[in-house]
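Just need the whole structure built from these sequences, with the hints factored in.
Under full-length UniProt numbering, the first residue of the sequence shown carries the number 1, and numbering increases by one thereafter.
In short, the hints are calculated from the structure, not lab data.
Nothing here was measured: the structure is a model prediction, and the numbers come from that model.
Any given hint might turn out to be false.
Quick list of the computed label-pair ranges, beta carbon to beta carbon [stated by the list, open to error]:
#1 ILE49 / MET69: 27 to 35 Å
#2 LYS21 / LEU45: 25 to 33 Å
#3 ASP77 / VAL47: 47 to 55 Å
The C-beta atom is built at its ideal place from N, Cα and C for all residues, glycine as well.
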Amino acid sequence: MENRRKRTQQDDIRLEPYVSKGVYTESGGIRPMPKRYPLGIIKVLLVSIPFLYLGSLASKYAAMGLEKMDVFIYTDDDDDDDD
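Written out as structure tokens, the structure is:
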């Protein structure tokens, strides 16, 4: 059983940095602080916002093209009118 566990741990070595092992080492020492990424949230925003904008532009122009080819025609169905 122990050999299988060690073999599984060796196979999953690529997951090693991502798995939390707690604060203390096996010998009782305190583990070092986790690695911090400077400006992490800013980097995420600098990548995600432009690509969200490009995606919205692509869908806008795709809808315009479909409407021009009479495949998709947008109609505003106003079901709130009780006339």
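Hint check:
Range check, ILE49 to MET69: Cβ separation about 31 Å, and the 27 to 35 Å hint holds. For LYS21 and LEU45, the Cβ-Cβ distance of about 30 Å falls inside the hinted range of 25 to 33 Å, so the restraint holds. Taking the beta carbon of each, ASP77 and VAL47 are about 38 Å apart, not inside 47 to 55 Å as hinted.
Hint compliance for this structure: hint 3 is the single one not met.
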